[in-house]
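Can you build the whole structure from these sequences, using the hints too?
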Amino acid sequence: MSTENCIIVNQCLAAPKRAQYGGGMIGFNQRTNGSTLSSELGVSNDGLHNTTLSLKTVKLEKGNLYTFSAWVQISNGSESETVAVAFKASNGELVHGGETMAKQGCWSLLKGGIVAEFTGVVEILLMVVVSVYSSKAMEIRVDNVSLQPFTAKEWRSHQDKSIDKVIRINRVVFIAVVYLSLVNLIQVRKKKVSFKVTYANGTAAEGALILILQTKSGFPFGCGMNHYIVTDEAYRQWFASRFKVTSFTNEMKWYSTEKTRGVENYTVADAMVNFSEQNGISIRGHNVFWDNRVMQPKWVKDLPPAELMKAATRRLNSVVSRYAGRLIGWDVMNENLHFRFFEDKLGENASSMFYSMAYHLDPSTTLFMNEYNTIENSKDHTATACKYKEELEKILSFPGNAGLKAAIGLEGHFRDPKPNIAFMRSALDILGTMGLPIWLTEVDVCGGPDQAHNLEDILREGYSHPAVEGIIIFGGPIAAGFKCMTLANYDFEPTPVGEVVDKLINEWKSGRRQVRTDSRGMSEILLFHGDYRVKVSHPLINSSMSINFKVTKETENITVLLQFDA
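In my numbering, the protein residues as written are 85 to 650.
It is possible that part of the hints are untrue.
Taking lysine-lysine and the DSBU-like style, the derived pairs with C-alpha atoms no more than 30 angstroms apart in a straight line are [stated by the list, open to error]:
(1) 187 x 471
(2) 502 x 489
(3) 593 x 140
(4) 634 x 245
(5) 101 x 587
(6) 502 x 478
(7) 280 x 237
(8) 172 x 463
(9) 587 x 567
(10) 489 x 473
(11) 328 x 300
(12) 478 x 385
(13) 101 x 300
(14) 140 x 463
(15) 567 x 502
DEER-style ranges, computed between Cβ atoms [unchecked claim]:
(16) 577 x 295: 27 to 35 angstroms
(17) 287 x 577: 52 to 60 angstroms
(18) 326 x 376: 28 to 36 angstroms
(19) 138 x 391: 51 to 59 angstroms
(20) 405 x 629: 42 to 50 angstroms
(21) 619 x 427: 37 to 45 angstroms
(22) 382 x 590: 42 to 50 angstroms
If you are wondering where the hints come from, they were derived from the structure by calculation, not from laboratory data. Computed from a prediction, not measured in an experiment: that's the story for all the values here. Every residue, glycine too, gets a C-beta built ideally from N, C-alpha and C.
Written out as structure tokens, the structure reads:
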């Protein structure tokens, strides 16, 4: 699948780039100085004014995935407007496929897609949504449009190939014993590792047996954890045997640690942190603040601004300082695109200010902006990838935030009967242009006959995307109260969804492998990123050796040099 336009997503160019896939099914492949299209201004059901134009009618095949792209600009309106693509079925149903911010005088790339749930004809529409009525006729200019179909098999093949994919960087690393070559490439999830084994005199040790054991995965694939972990031994064993990264579902939130003003209680959170540390489980802090008024402690909701600022400062200082150096990340402000409790009370820079305060209290910890519906719901225009990017850039540009270690948190609460994986990929592409780590932070699929299959599709899409650096699912055993996405029954046996999770845990690691050296004393193998222990022996000599090493994404080649003493 083409990725040539990924690096220019969300930029506005003087001229549009060529159409992806030669235009695919649509064939808008020739540069024609832009087609100027316009339509009458209407009013939508939500009170917004819409300009809608029809691009083309095409036939979709059920089960296929379609990637869409187009270069767009606007005129005769405001300086910038949201332009979205939608697919209109014969029954009038609209499937939203993605959106971008189009501007006057330059071209923006609109990316999106659709997963066809039926075989039939759809009309491809471009829609401009404006919140302020203008008497001027809105015009959309569009060029180099593409709609490319993929079968489910082709899409899966691309995911699998992406795991071994190489992308460019500029970095050099050298360590003792394991020599990392000077390169400018990284592999997304795996790395080719070469072993060179010699005898004491330096000659090649042909036929040496190399036993390889991966002791830790290099990709954080974890699970949410709740307070039952403190008292339920079966839950503890179930969790620790599978996951090495977590977020607490509720126990670190303000409404859990300070139910009464001035009376803090970290007993449960502390116990969960201790359990995690004892079992080598890394923790993403969730969360310092939640921008939803409903989710504040009862005593916080109606505080006047000055009192709220005082209480919020005390809260941030307390929780961030308490766990400083013990967490791999913090969701500083949760869902600040959908909600604005603190902005309404404390001003437009409230989120930016809290990120600054957290950064200066714990500068080494990664700070996330955590949001929902950015990848999971193409109908939600509040938290699109472009709007997410704009808000995070605002936070990072706030005075004092220049050195902040930022990351992108995408919750991933999928509720549609069929997830729009093509839309999900386009959103990840857009956010990937920021060059920041992306984590899927709360992935779940609630019920439905295809729950297990849908979850697998979502997890594979996230894992195969080069910008995604961690995934946490929000599910667990029914004994711990996980009803939306139950991974284990009361006997802690895996449900169908749990079987998917266990399968992927095993699939995404190298496990135990063994190879033998050739006449040059060499052997090569492709290994997942992570920590390894290697034991080398030879049938002709009574000698063996062991070594620990890491496979990381920073370099193209790793050569492990091993020498027998005898």
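query: Is residue 567 within 30 angstroms of residue 502, Cα to Cα?
result: Since the Cα atoms of residue 567 and residue 502 sit roughly 20 angstroms apart, the hinted pair holds (cutoff 30 angstroms).
task: Please work out if residue 587 and residue 567 have their alpha carbons no farther apart than 30 angstroms.
output: holds (21 angstroms)
field: Hinted pair residue 502 and residue 478, Cα distance within 30 angstroms
entry: At roughly 33 angstroms apart (the allowed maximum being 30 angstroms), residue 478 and residue 502 break the hint.
Hinted pair residue 280 and residue 237, Cα distance within 30 angstroms: violated (38 angstroms)
query: Quick one, are residue 489 and residue 473 close enough, alpha carbons at most 30 angstroms?
result: holds (15 angstroms)
- request: Go ahead and decide if the range 42 to 50 angstroms is satisfied by the Cβ distance of residue 382 to residue 590.
  value: For residue 590 against residue 382, whose Cβ atoms are near 45 angstroms apart, the range 42 to 50 angstroms holds.
30 angstroms limit on alpha-carbon distance, applied to hinted pair residue 101 and residue 587: violated (41 angstroms)
message: Given the hinted pair residue 187 and residue 471, is their Cα-Cα distance within 30 angstroms?
response: holds (15 angstroms)
- request: Given the hint that residue 478 pairs with residue 385, test it: the Cα-Cα distance must not exceed 30 angstroms.
  value: Holds, at roughly 26 angstroms.
task: Could you see if the CB distance from residue 326 to residue 376 stays within 28 to 36 angstroms?
output: Cβ of residue 326 to Cβ of residue 376: about 31 angstroms, so the range 28 to 36 angstroms holds.
message: For residue 172 and residue 463, compute the direct alpha-carbon distance and say whether it is at most 30 angstroms.
response: The given pair, whose Cα atoms are some 13 angstroms apart, holds under the 30 angstroms limit.
Given pair status - residue 489, residue 502, alpha carbons within 30 angstroms: Violated - the C-alpha atoms of residue 489 and residue 502 are around 35 angstroms apart, more than 30 angstroms.
Of the numbered hints stated above, those contradicted by the structure are hints 2, 3, 5, 6, 7, 13 and 21, listed in ascending order.
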